[in-house]
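Undergrad: Position chains B and C relative to chain A; hints supplied.
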Amino acid sequence: MKKSRALAASLLVVVASACSSSAANTSSDATPKEVTLLTYDAFTPQDKIFDAFTAATGAKVKVVTGGDSGVLISKAILTAGTPEGDVLWGLDNTLLSRAQKAKLLTSYEPVDFGDICVNYDKQWFTSRSVAPPTSLEDLALPTYKNLLTVQDPVASSPGLGFLLGTITHFGADKWQNYWKLLKANGVHVSPDWTTAYTIDFSGSSGKGKYPLVVSYGSSPPAEVLYSEKPIDTPPTAVIESTCFRQTEYVGALRGSRNPNLAALLISYLLDVPFQESMPLSLFVFPVNKKATLPELFSKFAVAPKTPLTLDPSEIEKNRDSWLSTWRNIIL
Amino acid sequence: MLNVSNLSVAFNNRVIVDNLSFTVPTGETLAITGPSGIGKTTLLHAICGIIRTTHGTIHIDNVDISALPTHKRGIGLVSQTGDLFPTMTVSQNIEFGLRIAKISKTDRTSRVSELLEMVNLAHLAHRNVAELSGGEARRIALARALAPRPQVLLLDEPLSGLDQETHKSLMSDLARVLKQTTTTALLVTHDQIEADFLANMTFVLPRT
Amino acid sequence: MEKHHLVSKTKVILIAPVVFLSVFFVVPVANALLRFFRFSEFSNVLGNQSLRGVAWFSLWQAILSTLATLAIGLPVTWALSRFTFRGSRIARGILTAPFVLPAVVVAAGVLAISDSRGVAPIIWAHVVFNVSVILRIVGPRWTMVNLRLEHAAATLGARPSRTFTLVVLPQISDAVISAATLVFIYCFTSFGVIAILGGVSRRTLESEICTQAVRLGNTATATALAVVQAIIIGAVFFITRRSSRSQSTSLQVSSVQPLQTKPTHRATPLIITVTAIIIVASPLLATVYRSLVVNSQFSFSAWRTIFSGSLPALSVSPQSVITTSLVFAIAAALICVPLALLVAISSAPRALFSLPLIVSAATLGIGLIISFNRSPFSWRSERWFIPVIHAVIALPLVIRALEPAVKAIPASLRNASATLGASPFTTWHRVELPLLKPALLRATGLSMAVSLGEFGATSFLSRSGSTTLPIAIAQLLGRPGAATQQAGFALAALMVLVTVGVMSRA
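Protein chains in written order, with my numbering: chain A, 1 to 331; chain B, 1001 to 1208; chain C, 2001 to 2506.
If you are wondering where the hints come from, they were derived from the structure by calculation, not from laboratory data.
There's no promise every hint is true.
Unchecked claim - Derived coverage of chain C by chain B (criterion: at least 3 residues anywhere in the stretch with Cβ under 8 Å from a Cβ of chain B; other residues may be distant): (1) 2136–2150; (2) 2161–2169.
What the hints assert, rightly or not - Footprint (simulated), chain C over chain A, 3 or more residues, beta carbon under 8 Å: (3) 40–46; (4) 62–71; (5) 79–86; (6) 134–147; (7) 225–233.
A virtual CB, placed ideally from N, CA and C, is assigned to each residue, including glycine.
Looking at chain A on its own, in the form it has when it is part of the complex:
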């Protein structure tokens, strides 16, 4: 009985391997029926958004997800040249250089953008008749002591974005001092966005202790869209001057078996219909200037004209040292 199970298992192995396609890297597409989009777990496109693509090209879009953006890129780098999919969605400006170093992609371009900004709980401030902070400097003021929660920049992408924003704003030699002030002002560091926003932030369902949280410029409209009961205005707002620009890229994976379909999919992702679906499904801004924003977004999402930005190669060069300096200050 046990032996027959083992036999069945080995048969399964043989059959499975027979079914998987061969690794032949050809310049033309292998099986023209499917193109695979490799992305992170939080990728939730609008329902049926790929139908038009399938209708036009005859190819189905298979979305394969695995982890968050950091995990995704690490995995992809580990298997650069023999990828799991054809198109990669999930690289942002903080990870771009890592991917370039590993020669992960044959081509890439920006597909969306958003900002990492400090969000605040409107109700908390109005009920106490305290004006919310309006700048990064404000966050270090005693008025706002013990009110800010940020994320660990090592583990969290918004956390890293916020740190990079402060480095850009204060400059390479003054940002350390700023963080020392923040630490003295009781800044709380959460391990990730979920803990910070869902548990520690007072403006969300967790009713935590902190009315100031690092999140995205697109979080307020999400609060409206996914609110418990229908509301007109979001309970949260964004401090515009704290925003750090995060650009996301989409690219064709080197070694993919369907390079032609990959190129077609990328054009589709950059085209107006998909770009217009992004704000309310992925909570990012379209790069395509011809795409119109939904009302909820144009009213409540924040994307400053001049956000804080940092060159991806700068980030790559200094990230490790910046992170360890930050660690030493905070711990």
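TA: Here is chains B and C on its own, set in the frame of chain A:
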């Protein structure tokens, strides 16, 4: 002296022991007989506190022990199954009650030897209990129960299930031990001959 | 030790488990080590002061957590193994339910009640997770301790606590040590709980390995740390093996009897159980609370959504998430339990089969990615791969859970069967297997629990449309918007309820 008054034990509305009263004078041995299944083991368990009684009292030397937990009653038990502690050797089993009573090591050792002599098994002192034969295990169980010098000793079918040879020798050893010690003893058995041999008094447990 | 008569065929029985483990565990891990381990980095890591501090913290919080878990787990295991009373089955289910939950949910529950972070909440969260391990591994062994021995000890003057120490403990010590070792390892490699409840200054080796491997891309450092962690865990295993006695006595199986007397002790098992439930279940209540109450308003909408609706924050419907998780869980159990049984009856040395406990999830994950990437072994995106990896991870736990039952089958039974003309296989099939049924059912429940809650190594694997519950919960909680978050807690609460239901039966 062991005195049992109006003792009743019931399970699930079934009366097992019904209003039983008797007295065993100090140092004497009472044998209770009756067919299997009549409740003899239940009676013993009730007396040493393993089973709750529905009413009645138990006195030892005029001290009411009915409300005391088993470990405070000072009543030893040799059960039908011996129940030697499997992770301990013969000596360790015998000295168990002495360790609990915080007797010193030297005193313990001498008492253990004394008891092993009494049951003629001195050579098995360090044997693992898993290796004992049925008869040997019974003797060790007896020695263990006697070691802490209990005021009362209960024996549940001490000779059942033994071959004729072992039965004979254990019976005479048991009779000798009971006479030697001043422990008051209560013995249950289905065998009338055994009862007559080992005890001063017997009575038959009535059916309820 | 009593050797099972099939032991003479040990080599044959072990083929399947050994091949399974080699292919899906040893090969990927070896691959990862070969590719990424650098001795220079290893000595760097050993010399690094702050990393030494991280290792030390991992160690002492794990020891404290294990002791706390034993302090609560052993009494309640006694209460539930020795006695049956109204509610004891549900109690068993409630105490096991947290095992499957994602760390973020339990941590949120603990935080909701304790309102503070630090070592004490961490230990509390660890207790919540791991009482179930004590229950599942020591419980079966405890029910086999002969009650009459305890009576004998009482007649010899030993009060209950001494009876426990001198008579009962030596008999269950193997199971206790086995369970305690597992709890230690789970606490030592704990990641999510510590991150959320400890704050950024508290890190364990496991979180550091993940950070180095994934966030910073320093695979050499990550591998070096993984080796350090493996050495520490290996040392713990070695120490505990030494202290566990070789049982030369065959177990006398006694059926569990509800204790009829001990007037002073009637209420004790109940009190102990209720206390344990309060400690373990209160964070779960916080989860249920957050699924029903938002902005101080009570509403069933989140529950309605997960049963009937779709959630835009998820790329698949909640029902399909639940179905996927259950399918994976059943598949994992079907793979794991037979293999575990083979190992348990062969009484082979456990070292090989305990390896999944020693190696960190990140290392296994990385190994899986690089080993199963090219055909004919490009399995890492295949659906069936996920339950296979769940089975690998559940294997050490399930083997330990099955051991007492296997050892309890007396040789006399087999001998009787043989004298009646039954071949060893027939004896196995008709006499022993039926005796093992309850244990096999429990083992199935246990492997399903491990599969439902698995979030470590499998998060390195990719999925296409097959989201599991822990991932879905993380996704829902990872979005702004009260409705989505509430739905996340509802899904978690659903996991709890299903687990309570399943685990009270098993």
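Undergrad: Each hint should be assessed against the structure and marked as holding or not.
TA: Hint-by-hint comparison with the structure:
By the rule of at least three residues with a Cβ nearer than 8 Å to a Cβ of chain B, the coverage given for the stretch 2136–2150 of chain C holds, with 3 such residues. Check result for the stretch 2161–2169 of chain C against chain B: holds, 4 residues qualifying (beta carbon to beta carbon below 8 Å, three or more required). Three residues within the 8 Å Cβ limit are the bar, and the stretch 40–46 of chain A against chain C gives 5, so the coverage statement holds. Coverage of the stretch 62–71 of chain A by chain C holds [criterion: at least 3 residues with CB-CB distance below 8 Å; count 8].
Residues of the stretch 79–86 of chain A lying with their CB closer than 8 Å to a CB of chain C number 3, which satisfies the three-residue condition for coverage. Counting residues of the stretch 134–147 of chain A whose beta-carbon sits less than 8 Å from any beta-carbon of chain C gives 0, not enough to reach three: the coverage restraint is violated. Closer than 8 Å: that is the beta-carbon criterion, and the stretch 225–233 of chain A has 5 residues meeting it against chain C, so the requirement of 3 holds.
The structure shown violates just one earlier hint, number 6.
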